[in-house]
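**Student:** Use these hints to put chain B with the ligands onto chain A, whose structure you have.
Chains as they are written, first to last, in numbering that gives the first Met the number 0: chain A, 0 to 257; chain B, 0 to 356.
If you're looking for bench data, these hints aren't it; they were derived computationally from the structure.
Not one of these hints is a red herring.
If you want a taste of the chain A side facing chain B, the calculated C-beta under 10 Å gives, among others:
| id | residue |
| --- | --- |
| 1 | Glu76 |
| 2 | Asn100 |
| 3 | Leu103 |
| 4 | Arg117 |
| 5 | Gln147 |
We put the beta carbon where it would ideally sit given N, CA and C, even for glycine.
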Amino acid sequence: MSVEFVLKTENLTKHYGGVHALEGANFELRKGEHVAIMGDNGAGKSTFVRQITGVEQRTSGRVWLYGEEVNFSGPLEAREHGIETVFQTLALADDLDVPDNLFLGRERTFADWLGPFRLLDYRSMRQSTLDALNRTGVKIPNIRNTIQNMSGGQRQCVAIARTATFHSKLTIMDEPTAALGVQETAQVENIIRTLKAEGEPLILISHNMRQVMDLVDRIVVFRRGRICANLRKEETNGEDIVAYITGAKTQPGYEDAL
Amino acid sequence: MADKSQGTGGLTFDKSKRSWPNELNILLALVIIIVIFEIIGQTAPYMRGQSFLFDTRDRFDSIFNEARLQIIILQVAIIGIIALGVTQVIITAGIDLSSGPLVAATAMIAMSFAQTELVNSNPNPKAIFGVWAMDLPVIIPVVIGITFGAFIGAINGTFIAFFRIPPFIATLGMFLICRGIALWWSNGQPVSFPTDSYKFIGSGMMPVVWFLSLAVVFHIIMRYTVYGKHTYAIGSNEEAARMSGINVKRHKVLVYMIAAMLAAFAGVVLSSKGATAQAGMGEFYELFAIAMAVIGGISLTGGRGSIIGTVLGAMVIGVIRSGFTYVKLDGSYQLVAMGAIIIAAVVLDQYRQRNRA
Ligand SMILES: Nc1ncnc2c1ncn2[C@@H]1O[C@H](COP(=O)(O)OP(=O)(O)OP(=O)(O)O)[C@@H](O)[C@H]1O
Ligand SMILES: [Mg+2]
Numbered sequence: 000m001s002v003e004f005v006l007k008t009e010n011l012t013k014h015y016g017g018v019h020a021l022e023g024a025n026f027e028l029r030k031g032e033h034v035a036i037m038g039d040n041g042a043g044k045s046t047f048v049r050q051i052t053g054v055e056q057r058t059s060g061r062v063w064l065y066g067e068e069v070n071f072s073g074p075l076e077a078r079e080h081g082i083e084t085v086f087q088t089l090a091l092a093d094d095l096d097v098p099d100n101l102f103l104g105r106e107r108t109f110a111d112w113l114g115p116f117r118l119l120d121y122r123s124m125r126q127s128t129l130d131a132l133n134r135t136g137v138k139i140p141n142i143r144n145t146i147q148n149m150s151g152g153q154r155q156c157v158a159i160a161r162t163a164t165f166h167s168k169l170t171i172m173d174e175p176t177a178a179l180g181v182q183e184t185a186q187v188e189n190i191i192r193t194l195k196a197e198g199e200p201l202i203l204i205s206h207n208m209r210q211v212m213d214l215v216d217r218i219v220v221f222r223r224g225r226i227c228a229n230l231r232k233e234e235t236n237g238e239d240i241v242a243y244i245t246g247a248k249t250q251p252g253y254e255d256a257l
Numbered sequence: 000m001a002d003k004s005q006g007t008g009g010l011t012f013d014k015s016k017r018s019w020p021n022e023l024n025i026l027l028a029l030v031i032i033i034v035i036f037e038i039i040g041q042t043a044p045y046m047r048g049q050s051f052l053f054d055t056r057d058r059f060d061s062i063f064n065e066a067r068l069q070i071i072i073l074q075v076a077i078i079g080i081i082a083l084g085v086t087q088v089i090i091t092a093g094i095d096l097s098s099g100p101l102v103a104a105t106a107m108i109a110m111s112f113a114q115t116e117l118v119n120s121n122p123n124p125k126a127i128f129g130v131w132a133m134d135l136p137v138i139i140p141v142v143i144g145i146t147f148g149a150f151i152g153a154i155n156g157t158f159i160a161f162f163r164i165p166p167f168i169a170t171l172g173m174f175l176i177c178r179g180i181a182l183w184w185s186n187g188q189p190v191s192f193p194t195d196s197y198k199f200i201g202s203g204m205m206p207v208v209w210f211l212s213l214a215v216v217f218h219i220i221m222r223y224t225v226y227g228k229h230t231y232a233i234g235s236n237e238e239a240a241r242m243s244g245i246n247v248k249r250h251k252v253l254v255y256m257i258a259a260m261l262a263a264f265a266g267v268v269l270s271s272k273g274a275t276a277q278a279g280m281g282e283f284y285e286l287f288a289i290a291m292a293v294i295g296g297i298s299l300t301g302g303r304g305s306i307i308g309t310v311l312g313a314m315v316i317g318v319i320r321s322g323f324t325y326v327k328l329d330g331s332y333q334l335v336a337m338g339a340i341i342i343a344a345v346v347l348d349q350y351r352q353r354n355r356a
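Okay, chain A solo, but in the shape it has when bound:
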């Protein structure tokens, strides 16, 4: 397997009992490439993400990351391999504050010989949180507040800042701007442009056609659990994509996606 692919999946399949949420997905992402995944609600986009990030165990299929075949047993392993994800559910702990959430599961510590009782380096995590928020332009009223009291958009900002704080080999964002206002959406899009400039690959799931056409190189369309189109941005347009999403069109080579 050549290392020109950041991510490659072959026949990736996930069944929930009788529900065929994802069926035989063949997906490729090249170095530095930004790809959008589009599709109607329930098309299997988030399911696809959950299979690559080890949140769930796939029914069948194979996954390669930078040429190495991987089979993550859990999200921690995916993260250790450099996959940073903004999940659609955000995966934030309501009763913890912003730095706690940013560093959840990879806290900065000292006295590590204490094992699970190693001490938290609050000061350094707080400082890095402020830095990350400044860098990404995300504004949060008070980072010491628990997430619980924040608006949907602010919560989303925290989840995005978490992804942008850590250098990654692959960034995945599942509808990152779904609940955001105009300014905040622009901020997130700037973060994505920064990733592009730095050559960091990205998978962006979005229902926002303008955003997709602005930001990515390629668009992959999911329909009822199957990939039904793989389109280069220059060779397509909004209407065309909608036709694929709704099932009015199917690309040659993807005919089994009915």
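**Tutor:** Same frame as chain A, but now just chain B with the ligands:
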């Protein structure tokens, strides 16, 4: 953009402002309860102007009634040790009902390795094992007791985390199992006559010393360590904790083990204090321990609560118990009042949560 306000959409805020800690509310409640007892004591005709907490005997060296203060804290110290563990379990959104019977089972087992060979130069009439288990160094019964607790906790945690048995059911089963073990251990006979060093563990104010030092240790652990952070994260949003890479199952097992080890230690202290172990010991302890945590402001849905809160909750229970004795109210009223206070604490928590959301 040179924007000095910190906030989204022009929202400004005061960075220095921290929210009112919940523990202060409990402290306030504690003070109010004390004041009420004080007023009753000073005004009720049958009390003849006694004071609840203050010294009334005109001594120069003291303003407080130390004897009462000591009793207040001593009578909740052992259950308080259990409550420190239960607090951690409830923060993960779990519950542990097995701690009372575990106290009894551990007391029986530990005491069997803490007996003296000779009682008034006669052989120990309650001997469980042969001479080999007599007059052992005190560390042995303590370690055996706590290890037994760890074992029980590991079983609780494994069933809850790996087999997805609801914590209420798993620990209810363990409740019966532990009571059964306590009864089976010596066929219902008490185990008595421990060594002097074993007796020391629970003598005098030692239970208070254990309770408060363990409270300090677990306060630090819950606040300043990865273990504490993950415990809160799991109770707050278990799925998010998992997605953030926390090994939720392993962590839960650890939490239940620590809770059970604390309950086991409480069993050691209790049997040492009374110099005997009986199968019926620790009745209702699990419920009082949960009550301490609940009065201390813990949320039964997980994610919120603190060791300081639980210590204050223990004090509330201690004050109420001794206050009722002080105003000469019967034990039966105490139970009724305690029940009412627990319900009130939960109602208050619900109310607070609704206001937040
Ligand atoms: N844990 C599960 N158990 C059973 N069915 C599931 C589960 N998770 C997802 N599904 C089903 O799988 C299908 C795909 O869901 P998925 O969340 O991947 O959709 P999506 O493309 O992300 O949609 P949206 O745009 O609404 O986020 C849906 O029909 C959904 O009901
Ligand atoms: Mg989705």
